Amino acid sequence: MDDLTREFLLESQEGLDRMEQGLTELESRPCDAELLAGIFRSVHTIKGTTGFLGFPRLEALSHAGENLLGMLRDGRIAADAEVVSGLLALLDRLRGILRSIESSGGEGDAGLEDRVMIARLEALQRGGPASGPAAKAAAEGGGEAVAARVAAAADRPAVRAAAKSRPRRPRSAPRIAPLRNQCGAGEAGPQGNEAADRRAPEEAEPASGSAGAQSARSPRPEAQAEMPGAASPGAAAEPANADSTLRVAIELLNRIMNLVGELVLTRNQILQATGADAQFAPLGRRLDMVTADLREAVMRARMQPVGHVFSRFPRLVRDLSHSLGKPVRLELEGQETELDKSLLEAIRDPLTHAIRNAVDHGIESAAVRSAAGKPAEGLVRLRARHENSHVIVEVQDDGAGMNTERIRAKAIDRGLVPAARAAQMSEREVLQLVFLPGFSTADAVTSVSGRGVGMDVVRTNVERIGGKVEIDSHPGRGTTLRLRIPLTLAIIPALIVRVRGQKFAIPQPALIELVHLSAEEIGTRVEWLENAALYRLRGRLLPLLFLDRVLRQPAREAADCDIAILNADGRRFGLVVDEVADPEEIVVKPLGAVLREIGYYAGATILGNGEMALILHPGAIAQSAGVSLSEEGLEPEMDRAAMSGRDNFLLVETGSGQAAVPLETVVRIERIPRSRIERAGSRLVLRFNEELLPLDGAVEAAGDPEAQTTVIVCRDGSRQVGLVVTRVLDIAPGGALREAGSSAPSAGVALFRDRVTDIVQPALNAAAGSGDNCLRVFAEAQR
Amino acid sequence: MTSATSAPVQEGTQQVCSLRLGETLFAVPIARVLEILGKPAIQPVPLAPDFVGGLVHYRGEVLTAISLRRLLGMEPTPSPGDVLVFESAQGPFGLVVDSVGEVLSVSAAEHEPNPSTLDSRWQALLAGAWKRADRLLVALDSERLEPHRLATSLADAGKGSLAGAGE
Chain A
1 MDDLTREFLL ESQEGLDRME QGLTELESRP CDAELLAGIF RSVHTIKGTT
51 GFLGFPRLEA LSHAGENLLG MLRDGRIAAD AEVVSGLLAL LDRLRGILRS
101 IESSGGEGDA GLEDRVMIAR LEALQRGGPA SGPAAKAAAE GGGEAVAARV
151 AAAADRPAVR AAAKSRPRRP RSAPRIAPLR NQCGAGEAGP QGNEAADRRA
201 PEEAEPASGS AGAQSARSPR PEAQAEMPGA ASPGAAAEPA NADSTLRVAI
251 ELLNRIMNLV GELVLTRNQI LQATGADAQF APLGRRLDMV TADLREAVMR
301 ARMQPVGHVF SRFPRLVRDL SHSLGKPVRL ELEGQETELD KSLLEAIRDP
351 LTHAIRNAVD HGIESAAVRS AAGKPAEGLV RLRARHENSH VIVEVQDDGA
401 GMNTERIRAK AIDRGLVPAA RAAQMSEREV LQLVFLPGFS TADAVTSVSG
451 RGVGMDVVRT NVERIGGKVE IDSHPGRGTT LRLRIPLTLA IIPALIVRVR
501 GQKFAIPQPA LIELVHLSAE EIGTRVEWLE NAALYRLRGR LLPLLFLDRV
551 LRQPAREAAD CDIAILNADG RRFGLVVDEV ADPEEIVVKP LGAVLREIGY
601 YAGATILGNG EMALILHPGA IAQSAGVSLS EEGLEPEMDR AAMSGRDNFL
651 LVETGSGQAA VPLETVVRIE RIPRSRIERA GSRLVLRFNE ELLPLDGAVE
701 AAGDPEAQTT VIVCRDGSRQ VGLVVTRVLD IAPGGALREA GSSAPSAGVA
751 LFRDRVTDIV QPALNAAAGS GDNCLRVFAE AQR
Chain B
784 MTSATSAPVQ EGTQQVCSLR LGETLFAVPI ARVLEILGKP AIQPVPLAPD
834 FVGGLVHYRG EVLTAISLRR LLGMEPTPSP GDVLVFESAQ GPFGLVVDSV
884 GEVLSVSAAE HEPNPSTLDS RWQALLAGAW KRADRLLVAL DSERLEPHRL
934 ATSLADAGKG SLAGAGE
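Respectively, the protein sequence lines represent chains A and B.
The letter at position 529 of the first sequence is residue 529 when you use the working numbering, and the numbering goes up by one with no holes.
The letter at position 103 of the second sequence is residue 886 when you use the working numbering, and the numbering goes up by one with no holes.
Just so you know, the hints here were simulated from the structure itself, not pulled from any lab data.
Source: prediction; values computed, not measured.
Note that beta-carbon positions come from the ideal geometry of N, C-alpha and C, so glycine has one too.
One should not assume that every hint holds.
What the hints assert, rightly or not - Here are the computed lysine-lysine pairs in the BS3-like style, where the Cα-Cα straight-line distance is at most 27 Å:
(1) Lys503(A) / Lys822(B)
(2) Lys822(B) / Lys589(A)
(3) Lys589(A) / Lys468(A)
To be verified - Here are the in silico distance ranges between beta carbons for each label pair:
(4) Gln798(B) / Arg286(A): 52 to 58 Å
(5) Ala824(B) / Ser103(A): 42 to 48 Å
(6) Pro859(B) / Asp277(A): 37 to 43 Å
(7) Leu324(A) / Asp833(B): 29 to 35 Å
(8) Gly874(B) / Ala81(A): 48 to 54 Å
(9) Ala532(A) / Ser871(B): 41 to 47 Å
(10) Ala297(A) / Pro898(B): 57 to 63 Å
(11) Ala297(A) / Ser903(B): 52 to 58 Å
(12) Ser871(B) / Leu263(A): 23 to 29 Å
(13) Ala620(A) / Gly874(B): 51 to 57 Å
(14) Gly307(A) / Thr935(B): 41 to 47 Å
(15) Leu9(A) / Thr935(B): 52 to 58 Å
(16) Arg927(B) / Gly523(A): 50 to 56 Å
(17) Gly874(B) / Arg95(A): 31 to 37 Å
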């Protein structure tokens with residue numbers, strides 16, 4: 001396949017995606033001229049290019065579609081459900097042909113079906129309203145229909161010949177007219193239309209009849225006229241973006257990402273080597289800042305708006321709604337929210353599943369809804385938004401909600417929960433049961449509870465990429481499924497632990513809490529049942545796994561150890577390690593096949609100091625050790641979700657007043673001697689976790705260098721920043737702050753306990769750009 | 784990233800990189816070597832197959848490194864080794880040796896196939912030898928050292944240790 005064809009395929013596919021989106025919107029806004037013009041352009045661009053490349057099936061079909069769209073655009077017929085269905089069917093057909101070209105290089109052979117499709121589109125053209133310019137419309141419509149039919153019925157070589165002649169055809173008006181005449185009646189329609197579209201509107205008027213007039217009404221004939229045919233049809237549709245964006249191979253971005261990783265390591269070595277040299281220190285710090293910004297910029301280059309995935313759902317909902325006979329409307333929100341490309345791919349299937357579920361099982365039939373006093377039309381909302389270092393995607397329906405009693409009964413029936421335990425569960429806990437594997441396989445559930453089909457699959461898919469799923473349901477009011485997705489796959493927060501001197505990384509999402517055991521406590525606090533070690537955590541027995549034994553490392557003398565309490569895919573256990581090191585944002589590197597087969601490792605990473613660490617796969621470790629799925633595992637997780645930091649703030653006292661930092665962004669609170677704070681140009685920096693941490697806040701230059709200062713380390717997107725405070729006051733629930741706070745997050749000011757409190761939002765600035773913004777906010781907070 | 788171009792096999796001479804392992808000199812065609820890493824940090828991998836020496840860091844990637852000593856059943860040495868990086872269909876991998884020596888020219892005339900008396904498992908790993916005037920250079924074929932090939936071939940060989948098989 002040549003480059004031109006490949007380019008054409010890519011851009012046609014994008015064009016069709018836009019068309020699909022437009023068509024589904026069209027049903028709710030049938031008179032939106034801009035929308036219609038956009039759809040028209042998509043089809044027109046495809047038609048123009050196919051003629052150039054010689055794909056007669058595509059050309060004939062898109063031509064018929066273009067004619068119908070032209071009439072819609074000009075308001076001569078209305079975009080009713082039938083017309084939209086016809087255009088969607090055309091779209092599927094065009095997609096099918098594109099697929100065929102992609103796989104076999106040719107369009108395939110289905111002349112008859114094409115003709116049926118074209119006839120359908122023609123019939124739709126005739127179904128226009130008989131008012132106002134009706135006579136003219138009918139005449140034109142009829143004429144065009146004939147033209148299209150002739151074009152479609154014409155022998156393929158003839159069409160191709162016509163198509164081939166097109167690029168060579170002169171573009172100026174006077175010479176087109178004679179050419180049209182030569183072409184004869186059969187092809188006058190399509191070619192005249194095409195030719196006229198390539199001309200500026202003022203030229204079009206005198207030259208041709210109906211077709212010219214039609215194109216003159218096109219909102220952007222100039223843009224199309226300037227198009228050099230197939231070279232960049234996508235640009236015709238989006239002239240504003242054409243020059244400012246560029247297609248880049250993912251592989252190249254991955255390569256750049258790797259190189260940036262290399263640069264970070266080199267930077268660290270330089271910083272270590274030049275640390276003592278007064279001349280090099282500022283340069284080293286500058287290098288440090290630039291590297292951090294570069295890393296973030298590269299990560300951002302991998303981001304795409306979630307709209308890319310959302311755009312397919314209006315069609316899905318429309319088709320489901322038609323086939324189920326339930327009116328359902330889909331509302332999209334936050335399509336511009338950006339997510340790493342690979343993550344975007346990963347949430348496509350879970351979201352499709354969730355939306356299908358919502359329409360199929362969540363929304364009641366129109367009759368039931370009306371009886372319940374709800375609008376007959378069901379509503380499914382798909383929303384995306386940023387929340388600190390995560391993207392939240394919600395699928396919300398206003399249907400019947402889930403029946404917790406039935407879920408409870410089913411879970412007991414399936415042996416997933418003991419009856420006594422199930423009876424104690426809160427509604428919220430019961431809802432989470434649908435995520436347990438084995439729950440949803442029960443076919444009876446589908447008809448009884450109506451939900452929960454394949455929910456464990458949704459959960460597994462989302463957790464595989466380090467995300468989380470929550471469900472919330474209110475009887476009669478509907479169900480909300482919430483996916484919490486990390487911003488990027490490439491970099492994940494992890495806890496670094498040590499066993500026999502070797503470092504391992506535990507992904508943070510699996511981590512619940514840490515427990516330290518002294519050498520003596522190991523004997524008393526760890527209980528043994530045969531060979532199984534158990535730990536009593538707040539009255540509950542927790543299975544313990546010793547990482548050194550799991551990895552068959554040599555035994556060591558009794559010493560202090562740490563237990564990382566983990567929840568991996570619903571399996572809750574304690575992992576005993578020699579020592580917990582620091583939390584770190586790690587770049588995940590894949591392992592070779594031979595090492596992947598071991599199963600316990602999810603990858604490897606290169607730590608900030610150049611050391612390597614294996615990333616543990618807690619789920620696999622738990623599973624192979626036989627840790628059972630615990631319904632209890634769900635509870636603390638939910639407790640955490642319920643009180644998760646979004647609503648809590650850390651209240652601190654800065655040099656000039658009181659400030660509140662969202663608790664979720666706080667990584668840790670450090671007490672350090674003042675002497676460790678250094679000055680890089682006008683900035684304050686602190687060497688922290690082998691990285692330089694930009695600081696803000698006032699530090700008194702004079703005074704005892706050993707005096708302790710408190711630094712709040714906050715997450716700012718993928719990097720960390722520090723805030724120097726005089727003291728930490730309290731943790732405050734957000735409600736009080738939010739009510740008083742302004743809606744503008746970066747300049748939020750609230751009254752709290754009768755004092756003016758600045759609300760610091762580092763994570764929100766991550767989306768806007770570099771850490772500088774964050775520092776600026778801090779600076780404002782200081783004033 | 785440069786990929787190894789195939790070495791001129793039959794015509795005249797070719798350049799090989801010599802490697803030392805204990806007292807034995809081995810050699811691989813230089814054209815197959817992507818890069819030589821001098822005494823890099825090698826991260827052990829618990830539970831990995833015996834022939835895996837560990838992980839090495841190579842241009843932002845983490846490579847599986849085969850330990851030639853372990854593969855040939857030799858005693859481990861405490862001193863760090865050099866690592867050669869080879870390309871394979873599954874991506875690059877490393878080979879840990881005691882040290883990498885100079886680049887030598889060898890001629891096809893000097894090459895001898897594996898002796899038929901050599902243990903069959905060694906037969907699978909070695910690609911004959913170049914008999915030089917001063918000493919023997921044992922030829923290695925990087926393709927036969929690819930981790931996934933070793934994993935399957937050694938599993939087929941009943942997971943037996945190669946120790947002592949050819950000493």
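Open item on the list: To test your reading of the hints: which numbers does this structure violate?
Closed with: Per hint list: 4, 7, 13, 15 violated.
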